[in-house]
Amino acid sequence: MFFRLLRQSFLAGRRRKVLAVVTVSLAAALITTLFDLSVDVGDKMAREMKSYGSNIHVVPKSEVVHAGVDGVGYNPLSGRDFLDEKSLVDIKEIFWRNNITGIAPFLKTTATIGPRGAVPVIGTYFNHPLPLPDDENYRTGVTLINGYWNVTGRWPRDDASDEALAGIAVAEERGLSVGSRVTLQGTAGAATVVITGILSTGTDEDGAIVAPLAIVQTITGLAGKVQSVEVAALTVPENELSRKAGRDKEALTPMEYDLWYCTAYVSTIAHQIEEAVVNVSARPVWQVASGQGVVIGKIQFLMLVVTIAAFLSAAVGVSSLMNTTITERAKEIGLMKALGAADWEIFLLFLSEATVIGLIGGLVGSAVGSGLSQLVGLTVFGSVVAIPWIGLPVVIVTAVFIALAGSIVPCRAIARLLPVEVLYGRH
Amino acid sequence: MDAITTSVIEVAGLAKRFGTVTALENINISIRQGEFVAIMGPSGSGKTTLLNILSCLDTPTEGKYILDGIDSSSLTEQQRTVIRREKIGLVFQQFHLIPYLTALENIMLAQHYHSMPLKDEAMAALSRVGLDQRWNHLPSQLSGGEQQRVCIARALINEPAIVLADEPTGNLDERNEDLVMDLLKQLNREGRTIVLITHNPDLGLLTDRIIRLSHGHLEDVLP
Amino acid sequence: MIFYLVSMIHAFLPEVFLFGLLLSQRDAPPKDRRFRLDVGAILTGFAGAYLLQRIALWSHATTHMGVVLPAVATGLCLLLGSALALPAPSRQTAVRVLTRPALFLLSIQAMADFLARTTDRTMTSTAVVNTELILNIGMMAGGTGVLLAVFFLCRHAAGRIGEHAVWLAWLALLSAMILWGTQVALGLLQLGSLDATGARLTFVAKLTQLAPFAPYGQLLLIALLVGLSYAKHPRLSAASEAIRTADLRKQRSRLLIERRWRTTLAVLTGVLLATMLYNDLYASLPPRLSPAIEIKPDATDRIQIKVDDVRDGKLHRYAYISGDGHRVRFFLINRYDPAHAQIGVVYDACKLCGDQGYVQHGNEIICVACNVRIFVPSIGKAGGCNPIPLPHEATNEVITIATAELEKGARYFTETVEVEVAVADPVTGAALVNLTAAFKYDYRGRMFYFENQNSYDSFKDNPEKYATKSE
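In order, the protein sequence lines correspond to chains Y, C and B. Counting from 1, one number per residue, gives the positions in the first sequence under our numbering. Counting from 1001, one number per residue, gives the positions in the second sequence under our numbering. Counting from 2001, one number per residue, gives the positions in the third sequence under our numbering.
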């Protein structure tokens, strides 16, 4: 009977209900948009933190202070510390060597190309032999560790002294294409290279010439030196055990201790690299966390404020609509009371109506909001936002709360309403 | 059983004041099981105030109101709600049917608040007032007389101790008035206690007894 | 995410059930103010537990807290149990007096238990709102709702079964006392306040093994409550003429409502049971190893495996039963693409984490024990958590493994099967069964079995002589 009553009463006041649904769905759409954007980045970050692979950034200890601006400012190389190219082997000598899937050294500088000034130049391994005591044929380089480096054309050969890649931005700016010849004039020498491919990575390398390490060492006069090393490793994400160990190693049972000790956490591997190579600092690097994550992290609070504002204004809107409804239906409420309905039974009817409004509004809002977030994603981040499915239940629950919050104040009038006053039109 | 134990309504020394205005003063009424009583009086005589108190929608300022053995003047709002759903059937001048529910559903709603809706029982109540053919009609699709009969069926569905009918024919034409009054008479003959509130002396004559109110006081009680 | 829900069930279900039974025994129905005080006692308990846990973590006294709180709770259970044993009028008074302190103290115990279970977990791996965080919060909100509902439903049902509620409450108190008493005993043993004798250790260890099943016991008791309230369910009085139809309808509706309460409790019990079973039988289990192919050496005491059989990049697991009955597992996997077969031949064990083995998920090879992903091209090299290399000979067509090597590998594996005759007493030459031999002795990584003390002693005195002889 209750559901029949609810259905009939809901259908009876359709016009006002539609208005309420529109109010709720507008707020829901706004909340969906913000939520989808935030959760998309949050999920990417969580995935990154929990992934079974991570990159570790190795730099000389004195460089740690510059790490924050790394990649942005190509600082002059003078007066800076370097790593020995020879010490790369040491990284593959650590206890967890088998979990290191690749190593790529980097040496960054600037070089002038023709009359139009300097461009950044990065020297690295592409697929370079690195003989190890237990594997003479070991090869490594960026082709192995940076899956997202996309080359149109061909990768340069590491042993060639005249091949390089041009980043997509610098290629456009300087009119370079596959087959172009450029002369790189560095501080200590020059090299003429043929562009074998155009590189697109979505990051700083797009604006640089990427050459085999040897070429860059030649033009900078830094033979056998590298500036930083990128290490890709198979790791175990920090988990319950690692946190327990971090909290109190004494609390570990002997079995747990053994297990913790033999688990390749990224922190463990980074620590071992620091031990194996003198005077370096090794830190895990997170792509999303340091990119979009920073943006979202900072505006998360703003999003919360906007969400609350949307919530409140929609609730106020629903509230005024509900108020009118209750005034209009005063006779009906009075009758129910006269028939012996308890106050809560009448509340339940009106709050259920509000819930239905919230449900519909949330559904509609989710649909509209998902579209909007795509639009924002494309314009702000330049990428399509993956719609997180969790957004649907969260927004629907929020929308129901909006409708309920808006109904609570008007519903208090139900308790105050005296059937006497509405049932008999006279005194 | 003697007359005292079967009295359904016992009102003693009842008064109702709104601020300084006295609506009712020193009301003493006793209505026996199965009686058909009219409460009559001109507008402003306190009829409606008395009706509200009798139907447990309002509480007296002083005095006692004992309904079916329960002193309702000392009850909480929640307890009075229970009394309303179990002991009182209300018939209104303006019918007060829920506009978006069918005739049948309107009756089932009263069942719902009382205990649980039972379609067959509600249908039987409709056929009792001769409207079983029109069960699926909305109030707007029914004539005034039909609406009032639905209202009476609703008032009776929970087998209340008393039926309080407030000007049940006030909005009806003569033919429907007769129909409704016949129905009430017949229900009375079947043992229902009915209290009719009206200013219409013709209707009063159809009852067993008339209680007259004037300026908040009882005038006299005809046998 | 189900972890949080399961932790909530473990920590709060005993309290929820106890409170339900207890409050049904309190004389008057909770009126506004009293109800508010009850809620206040519970919330204060929660806050207190949080505070205590912070202090314990800070002062490294978690073990102490894990003794004191369950001890207090156990004592309280004893008190409540005796209060329930009192005759009717004084029982209600005693329960009324004890209820609020019980709510407070048991809430501390429950919340502290929950916090201890979840200390080393994080709800989210990043500060930005993400699906995992929302799911965890949602699960906890859902769990709170279900447990609250179970509380109200239990209280209602317990109020319908009269004196039986007392029996149930005793059972609930007993199960809670066993649970918490075990924690106290274990904590005392850990702290050294209780001397760790063999008998005590065995007893506590046995009880501790029961702890994961405690929620099943509680759920069984709730099911019992449902059953009892069904058995005590009033029937519809025969529709006599004397009863008015409206009264009959009222009776029916009351019974209907009772039935709904009962059904809801039964359904929620089912939901909790399903959650526990899902977690215990599926979600929390370690990955299972793919079956190993039992392989026997050929006449030349070698095992030969064709490269073509294993070049597909999948993990191919084999098992060899060593002379002393150890089941030696090893696997072969192509480290490169099928066109360039480079077969890694390794034991299915890690030097560090033991013989739990490795599983393949998609293209990844994972160590079951420590969850480390193994870099496939490195399989066959020693170091890290890599599987222990198994010396072998490889040609382009066939991999050849000498059984002598596999015999050496027996020490990496703990799993034994019964083998007859295969092992003989090196001194007397008598045939023995590995699992029932009277004595055994590990000499240079190989296990020798002896039929009696004499041969055991002679072997120990001069192992060199017999060991070489038995080769």
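Among the hints, a few may not be true.
Below, in silico cross-link-like pairs of lysine-lysine (DSS-like), each with a Cα-Cα straight-line distance of 27 Å or less [said to hold, decoys possible]:
#, chain 1, residue 1, chain 2, residue 2
1, B, 2440, B, 2351
2, B, 2381, B, 2296
3, B, 2351, Y, 244
4, B, 2351, B, 2381
5, B, 2250, B, 2296
6, B, 2351, Y, 50
7, Y, 86, B, 2381
8, B, 2306, B, 2296
9, B, 2381, B, 2440
10, B, 2408, B, 2296
11, B, 2440, B, 2465
12, B, 2232, B, 2206
13, C, 1119, Y, 331
14, B, 2465, B, 2408
15, B, 2314, Y, 50
16, B, 2351, Y, 92
17, B, 2381, C, 1119
18, Y, 249, B, 2351
19, Y, 92, B, 2381
20, Y, 244, Y, 50
21, Y, 50, Y, 249
22, B, 2296, B, 2206
23, B, 2296, B, 2314
24, B, 2408, B, 2314
25, Y, 244, B, 2296
26, Y, 50, Y, 86
27, Y, 61, Y, 225
Worth flagging that the hints you see were computed from the coordinates, not collected in a lab.
Original post:
Regarding the pair residue 244/Y and residue 50/Y, is the alpha-carbon distance no greater than 27 Å?
Top reply: This hinted pair holds, its Cα atoms lying about 17 Å apart.
Original post:
Does residue 244/Y pair with residue 2296/B here, judged by a C-alpha cut-off of 27 Å?
Top reply: violated, 45 Å
Original post:
Is residue 2381/B within 27 Å of residue 2296/B, Cα to Cα?
Top reply: holds, 26 Å
**OP:** Given the hint that residue 249/Y pairs with residue 2351/B, test it: the Cα-Cα distance must not exceed 27 Å.
**Re:** holds, 22 Å
Original post:
Regarding the pair residue 2314/B and residue 50/Y, is the alpha-carbon distance no greater than 27 Å?
Top reply: holds, 25 Å
Subject >> Restraint check for residue 2250/B with residue 2296/B, where alpha carbons must lie at most 27 Å apart >> reply: violated, 78 Å
Subject >> Given hint residue 2206/B paired with residue 2232/B - CA-CA distance at most 27 Å >> reply: Violated. Residue 2232/B to residue 2206/B sits at ~37 Å, over the 27 Å cutoff.
Original post:
Between residue 2440/B and residue 2465/B, is the straight-line Cα distance small enough, at 27 Å or below?
Top reply: Given that 27 Å is the threshold and the Cα spacing comes to 17 Å, the pair holds.
Original post:
When you check the alpha-carbon spacing of residue 2381/B and residue 2440/B, does it fall within 27 Å?
Top reply: violated, 33 Å
Original post:
Is the Cα-Cα distance between residue 2440/B and residue 2351/B 27 Å or less?
Top reply: holds, 24 Å
Original post:
Are the Cα atoms of residue 2296/B and residue 2206/B separated by 27 Å or less?
Top reply: Not OK: residue 2296/B and residue 2206/B at ~40 Å, beyond 27 Å, violated.
Original post:
Are residue 2351/B and residue 92/Y close enough, with their CA atoms no more than 27 Å apart?
Top reply: Given pair residue 2351/B, residue 92/Y holds - Cα atoms ~20 Å apart, limit 27 Å.
Comparing the model with each numbered hint stated earlier shows that hints 5, 9, 12, 17, 22, 25, 26 do not hold.
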